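Chains as they are written, first to last, in this note's numbering: chain Z, 1 to 408; chain P, 1 to 129.
In case anyone wonders, no lab produced these hints; they're calculated from the structure.
Remember, it's a predicted structure, so these values are computed and weren't measured experimentally.
Virtual Cβ for every residue (Gly too), placed ideally from N, Cα, C.
Be careful, since some hints might not be right.
[What the hints assert, rightly or not] Calculated lysine-lysine pairs in the PhoX-like style (CA-CA distance at most 20 Å, straight line):
1) Z:K240 / Z:K167
2) Z:K395 / Z:K324
3) Z:K402 / Z:K390
4) P:K19 / Z:K402
5) P:K79 / P:K14
6) P:K14 / Z:K404
[Claimed, not checked] Sample of chain Z residues at the chain P side, in silico, Cβ under 7 Å:
7) H347
8) G363
9) E372
10) F374
11) N375
12) P377
13) A378
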Amino acid sequence: MTINVSEIRAQFPILQREVRPGVPLVYLDSTATAQKPLAVIAAMDDFYRRSNANIHRGVHTLAEESTALYEDARAKIAGFLHAASPRQVIYTRNTTESINLVAYSWARATLKAGDLVILTEMEHHSNLVPWQILQAERGIRLEFVPVTENGLLDLEVYRQLLAQSPKLVAFTHMSNVLGTINPAAEMIRLAHQAGAVTLLDGAQSVPHFAVDVQALDVDFLAFSAHKMVGPTGIGVLYGKRELLEAMPPFLGGGDMIREVHLRSFKPNALPYKFEAGTPAIAEAVGFGAAVDYLTGIGMEAIAAHEHAITEYALERLEEIPGVKVFGPEASHKGGVAAFTLDCAHPHDVAQILDQDGVAVRAGHHCAQPLHEKFNIPATTRASFYLYSTKDEVDKLVDGIYKVKQYFG
Amino acid sequence: MDDLYREVIIEHYKNPAYKGHLDPHDYAFEDSNPLCGDHIEITLRVDGNGNVAEAAFDGHGCAISQASADLLIESIIGKPVEDIKSFNRQHVLDLLGIELGPVRLKCALLSLKVLKGGLYGLGDTLEEA
Ligand SMILES: Cc1ncc(COP(=O)(O)O)c(C=O)c1O
Numbered sequence: 001m002t003i004n005v006s007e008i009r010a011q012f013p014i015l016q017r018e019v020r021p022g023v024p025l026v027y028l029d030s031t032a033t034a035q036k037p038l039a040v041i042a043a044m045d046d047f048y049r050r051s052n053a054n055i056h057r058g059v060h061t062l063a064e065e066s067t068a069l070y071e072d073a074r075a076k077i078a079g080f081l082h083a084a085s086p087r088q089v090i091y092t093r094n095t096t097e098s099i100n101l102v103a104y105s106w107a108r109a110t111l112k113a114g115d116l117v118i119l120t121e122m123e124h125h126s127n128l129v130p131w132q133i134l135q136a137e138r139g140i141r142l143e144f145v146p147v148t149e150n151g152l153l154d155l156e157v158y159r160q161l162l163a164q165s166p167k168l169v170a171f172t173h174m175s176n177v178l179g180t181i182n183p184a185a186e187m188i189r190l191a192h193q194a195g196a197v198t199l200l201d202g203a204q205s206v207p208h209f210a211v212d213v214q215a216l217d218v219d220f221l222a223f224s225a226h227k228m229v230g231p232t233g234i235g236v237l238y239g240k241r242e243l244l245e246a247m248p249p250f251l252g253g254g255d256m257i258r259e260v261h262l263r264s265f266k267p268n269a270l271p272y273k274f275e276a277g278t279p280a281i282a283e284a285v286g287f288g289a290a291v292d293y294l295t296g297i298g299m300e301a302i303a304a305h306e307h308a309i310t311e312y313a314l315e316r317l318e319e320i321p322g323v324k325v326f327g328p329e330a331s332h333k334g335g336v337a338a339f340t341l342d343c344a345h346p347h348d349v350a351q352i353l354d355q356d357g358v359a360v361r362a363g364h365h366c367a368q369p370l371h372e373k374f375n376i377p378a379t380t381r382a383s384f385y386l387y388s389t390k391d392e393v394d395k396l397v398d399g400i401y402k403v404k405q406y407f408g
Numbered sequence: 001m002d003d004l005y006r007e008v009i010i011e012h013y014k015n016p017a018y019k020g021h022l023d024p025h026d027y028a029f030e031d032s033n034p035l036c037g038d039h040i041e042i043t044l045r046v047d048g049n050g051n052v053a054e055a056a057f058d059g060h061g062c063a064i065s066q067a068s069a070d071l072l073i074e075s076i077i078g079k080p081v082e083d084i085k086s087f088n089r090q091h092v093l094d095l096l097g098i099e100l101g102p103v104r105l106k107c108a109l110l111s112l113k114v115l116k117g118g119l120y121g122l123g124d125t126l127e128e129a
């Protein structure tokens with residue numbers, strides 16, 4: 001399966017721009033946020049031009065239209081995930097809010113002092129801090145599956161931790177630094193055997209390869225639209241129906257209620273129970289368009305393309321003296337290459353690359369504990385998506401040689 | 001770019017003249033930039049007239065943060081502590097001789113923040129700087 005990258009690039013207006021006169025953009029920061037195709041931009045534009053109205057309130061034509069568009073998008077997302085029902089797809093603001101929803105609603109209703117939650121050393125801060133807050137508040141216990149030297153989870157230690165009867169196992173499907181794709185299906189199966197509920201951080205997996213929630217048998221899945229060519233401001237929490245039904249509401253207000261009296265309320269049915277207040281309606285429409293767009297190209301084809309680019313990038317980066325790439329080899333890795341260069345700090349690397357239009361990220365990428373583990377304050381990270389090309393990898397490599405000229 | 005990485009900056013980054021840790025010292029301060037992990041420690045010895053007799057910095061970070069620390073230390077040696085308290089961001093930018101965007105400004109001003117925070121006995125003086 002192959003994709004036509006130049007046709008794809010033509011669909012992304014921002015990829016045509018120059019960063020400075022004569023310097024085209026080489027966007028290698030899709031792990032932070034992806035660029036948007038015309039289809040998404042047009043869907044949102046069209047929504048505001050034609051259909052804008054608040055949803056679930058009012059019977060006028062626009063209200064009907066906007067409600068239908070908002071719910072159509074939910075159905076598309078459910079289909080994309082192979083969820084049994086759109087009711088299990090809850091709109092949130094982003095991955096972070098989705099994880100917090102589980103921490104504030106499910107976990108506060110379920111976990112008691114001393115209960116064990118298993119996380120991993122490669123988590124994004126958004127899957128660490130909510131649990132640390134709960135630890136301080138409730139006295140739950142946190143244990144971490146270690147990351148090995150080559151950037152994989154130590155599954156031996158994971159099995160040992162599971163023997164301590166955890167209540168929850170929450171981990172990332174794909175690391176945003178190492179690129180490691182974790183064996184989620186196997187880890188979820190083992191967690192269930194140990195009696196634990198599972199939460200998968202899909203921020204980096206759902207955009208990049210096919211994720212089937214029923215095949216994975218995952219209990220909760222969190223992800224963001226903006227990393228999958230959709231708009232910012234909207235994300236999803238998928239959950240198993242029994243769990244979602246039993247959970248108390250998270251935020252209270254309009255839309256999440258069935259009836260309200262001065263001193264009491266009855267919560268609405270799923271998914272509205274968790275969608276308080278006017279949501280990101282145009283963004284939901286854009287999200288639906290993003291799912292259509294990715295589906296049209298095919299997630300297998302996208303994954304195959306990214307794999308080829310990543311293999312090429314690792315090969316080229318590793319031939320540069322002084323470059324060290326973190327994480328596993330390409331076979332266990334998504335489209336991320338985080339590296340250090342012996343003679344220059346990541347900030348300086350990123351700054352010099354920017355002069356040639358190459359956009360990479362420098363820092364700890366919201367995974368400070370992981371950087372501490374590898375004893376480095378920061379890395380430079382290049383990341384790839386369906387519109388990335390080998391030519392862009394070459395520009396990255398040329399830029400790194402330029403950095404070496406300055407600092408070497 | 002060539003501006004941002006003027007030779008003087010690369011030179012002070014690669015071969016800092018004042019890198020180290022004074023022991024004993026009259027003042028020791030340190031701080032880091034949580035966003036990028038840049039870290040600076042400054043130690044000082046003050047003579048009987050209230051002038052900086054010796055100073056050194058230690059730490060790690062990008063070229064801008066480390067070069068600006070070396071340049072800043074160079075600029076305070078022999079100066080009265082009371083005068084140093086009024087150093088501002090323009091002082092550091094003049095030393096570096098470059099224009100900086102908001103993100104890199106934090107890197108450049110870290111050493112000044114450490115120095116003034118220490119001299120005033122305050123945690124964070126960046127706002128006044
Ligand atoms: C693995 C992972 N988890 C969570 C997040 C947080 O996503 P968001 O900022 O959209 O909530 C990110 C994004 O950087 C990520 O890469």
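Structure-based check of each hint:
no., hint, in the structure
1, Z:K240 / Z:K167, "16 Å, holds"
2, Z:K395 / Z:K324, "18 Å, holds"
3, Z:K402 / Z:K390, "19 Å, holds"
4, P:K19 / Z:K402, "27 Å, violated"
5, P:K79 / P:K14, "26 Å, violated"
6, P:K14 / Z:K404, "13 Å, holds"
7, H347, "4 Å, holds"
8, G363, "5 Å, holds"
9, E372, "10 Å, violated"
10, F374, "13 Å, violated"
11, N375, "12 Å, violated"
12, P377, "3 Å, holds"
13, A378, "5 Å, holds"
Hint violations for this structure: numbers 4, 5, 9, 10, 11, all remaining hints satisfied.
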